[in-house]
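Asker: So you can see what is in the structure, the chains are spelled out below.
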Amino acid sequence: MTDASHEVARGPHHSGGVAPSALSAHRIVKRFPGVLANDEVDFDVRAGEVHTLLGENGAGKSTLAAILCGLYQPDSGHLVRNGVALHLPTPRAGLQHGIAMVHQHFRLVERFTVSENVVLGSRDLDFRLKRGQIDERVAAVAESYGLPIDPTATVGDLSVGQRQRVEIVKALYQGAEILLLDEPTAVLVPDEVEKLFENVHAMTRAGKSIVFISHKLGEVVAISDRVTVLRNGRVTGHVSGKGAADARELARLMVGRDIEMRPQRATHPIGHEVLQIRNLSLALGGVGVLSDVSFNIHEGEMVGIAGVAGNGQRELADTIAGLVTPTGGSIAIAGTMCTGRGPIHSRELGLAYVPEDRLGTGLVPSMSILDNLLLTRERSVLVDRTSLRPEAARLIDQFEIKANGPDHPARKLSGGNAQKVLLARELSGGRTTTKLLVVCSPTRGLDVGAIETVRRLLNDARSAGQAILLVSEDLDEVMSLADRILVLYRGRIVHETPGETASLAAVGAAMAGVLQGVA
Amino acid sequence: MGIPVRITFEQRGDAPRRLSLLVPMGSVVAALVFGAVFLLATGYSPLDTYSNMLSGSFATSRGVTDTLALATVLICTGVAAAFAFQMNVYNIGGEGQLYLGLIGAAWAGISLGEHLPSLVMVPLVLAVGALSGAAWIFVPAWVRSRLGTSEIVSTLLLTYVGASLVEYVIYTPGSYFRNPNTPFPQGRLVAASAKLDPFGDSRLYPTIIVSVVVAVALAWVVRRTEYGYRIKVIADSPKAAQYAGISARRTTMSVMLVSGALAGLGGALLVVGPYGKIEPSIVNLGYGYAGIVIAALARNNLAAIVVSAVLFSGLRVGGEKLQITTDTPIHIGVMLQGAILLFALGGEAFRRYRIRIVRTGVAT
Ligand SMILES: Nc1ncnc2c1ncn2[C@@H]1O[C@H](COP(=O)(O)OP(=O)(O)O)[C@@H](O)[C@H]1O
Ligand SMILES: [Mg+2]
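Sequences listed follow chains F and X, in order. Under the numbering used here, think of the first position of the first sequence as 1, with each following residue one higher. Under the numbering used here, think of the first position of the second sequence as 1001, with each following residue one higher.
Next up, chain F with everything else stripped away, as it sits in the complex (with noise of 0.2 Å):
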């Protein structure tokens, strides 16, 4: 399963031959009700370097990590840190080896300020030390790993990518040697991941060790000395040598089978236009939030919008839905207004919407796959549910839906498959066949079998003659798949291009709203 391993370490130990390891798993264990969460894994990491654990949601990533850091006990298997073999009950433990972890879920205290959450569970706090040395003593820390962060602002006024930071200087405080960063750029913004990524070379600079967590790619292509693939809690991949790694190569190992990584476009020629926005305009408690959007789309085209978040993407797919009445401006469907008409009458001119919020709003959490199915579609005064479950078990063995049936609880689905019975249920009609679809972030949040999956999904129904509208903020998406995009910048459309032939520099400029006329 190596075949992938360069055996060239060029990590920053030039110095003759590989450096020891500092921390190593050996054959780990882990095993929770009905899931081997790991299956013999073995995993090491030597002084400043980066070794990246890579899986989709679910492979056992975070519970080596966990492992690693005293939070759980494996069921067999061992550590060794330093060439010694170590026992590790509980975190703390783990900590007084040197060994922190900075969780997905961070865990705060929202009220204190920055030193205080530093501080925090420190035993060996000194009680005569001043607020204002603590506070000198954390920002000396921060800044020596070029952590720009005020100790004594209140960590409930910080952005999420500040409280990160605040995280790792904890650790860092707490004398770690080894940093755990569970997937670390999920909660973070382009540029914010930039900075943690700078911080990360600060710190194996410094001689310390990371284990990076991550299920994108491209970052990881870009950060990791060495990658470990982990699939279903096996080690599925091992590749070493920064560099080295190849993004195909690393999602063949991480889902198991070839990924489709290239643009998609139309195949077929267009048609006749299928939704018609003219002069649309809407004002929410008095502040403007769409301004004068105009545009079509057409039989088999696929129009992506792309912008930063919060310039008017959402409210734009609502009001195509027919969840908002606009203030101004028409709507319409197949040939037939449809303005301010409520969401039933839009779908029975066939629209068909796959909101960004999957669990709450596309899908009811309690309820069954089957009566979910049912949410968008006619129902008669008694609920027939015996004619529709046949057609359930059809549409969850042809989407692939990992579930245990139609009764199968919408909450208990991954993200991947929550989305795959959002687009079962949409695709495949209800009151009318569909004809438009518009769709919002569809692939945040899920792994690379999933997005290819519901990027295929997408392009299938586009061949088939739909038209659809793409809303997401992933700007690799929208220029990898639409056929024409348009950017939204403070609810106006301020740029159109091909989807061929756009630039993804003129696109980034537009969202950044440094285009002509733009006021």
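Bear in mind the hints are in silico, worked out from the structure with no lab data behind them.
Okay, derived cross-link-like pairs now, DSSO-like style, lysine-lysine, Cα gap no bigger than 30 Å in a straight line:
hint, chain 1, residue 1, chain 2, residue 2
1, F, 402, X, 1232
2, F, 216, F, 195
3, X, 1239, F, 435
Starting from the structure of chain F, add chain X with the ligands where the hints point.
Answerer: Chain X with the ligands in isolation, oriented as in the chain F frame:
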């Protein structure tokens, strides 16, 4: 470092089915044990007390019919509470709606004439009672569904108004509802055709059938109909309801009206059954409030209300008889009811969490 053992609560992915039954039963047992401690402490024998209560409520035919008689109205108020609670609408004014049901039914029973046959009169009286209960919740329902005003406060406040109304119509000289032939305040009897006969020489009326049928029918409505589907969507995620074009406003309004009607029906069942008139002591019996406890015990499962209402009635009937036959204070029954509620709510923790004792091994 102390004992190397720690108790942890792990959230269960999904509560096992059997626990849905075991936990309420466990709460009852725990409440009985709790009560036993108090009985012992105050010098009564728990065994004697409980066996006396049991023979007063479940172990004799008299006890059983008395228990079911009380359950008749408690099923209604329990279903009224649970029907609203399941949609996260907290109608805690079932008590007041019950009073209005009583007044409305008495009015219909007195005024709609002697000429109608029982077969028409009884359903008519029940319908008027239910409508009166619905009318009493109309304003809270309207402001809740339009403006989002808390129904908890508004329905509760109206209960006090309802209690005053009951007293007003009975204690005011010359009141339409007051019996003109007795010098002391008493309700005027309804027409004979509006009154049912009890089973044999018991105090149990055929109205129990109405209660049970209503509970079961409503459970079916929630499970099988479009209306029930809408209720479940709104209860779980109002945003999903909006997405699907389901009007939360209209459904909330109708659920509250139905809830009020059910409590009102409870009052009407008292009129066609045991009372035959307005009985002003109703304001001291707390049947509406008991419905809240019963709903909690049944975890808002409409069909399970029947069981929890019967259980609750048994405790109360047994407790009351205890006071008559022995010198045990009636408060023991009341205390047990409170204890059951507390344990039932605490028992939720067992249903939702797995409680584990973990050896932390060698303490560091
Ligand atoms: N505390 C737990 N109890 C039960 N199952 C768990 C627990 N933690 C993780 N799992 C299961 O173990 C598997 C691996 O999970 P995890 O390590 O969190 O994956 P990853 O971090 O790679 O997404 C998953 O199937 C998950 O459902
Ligand atoms: Mg994880």
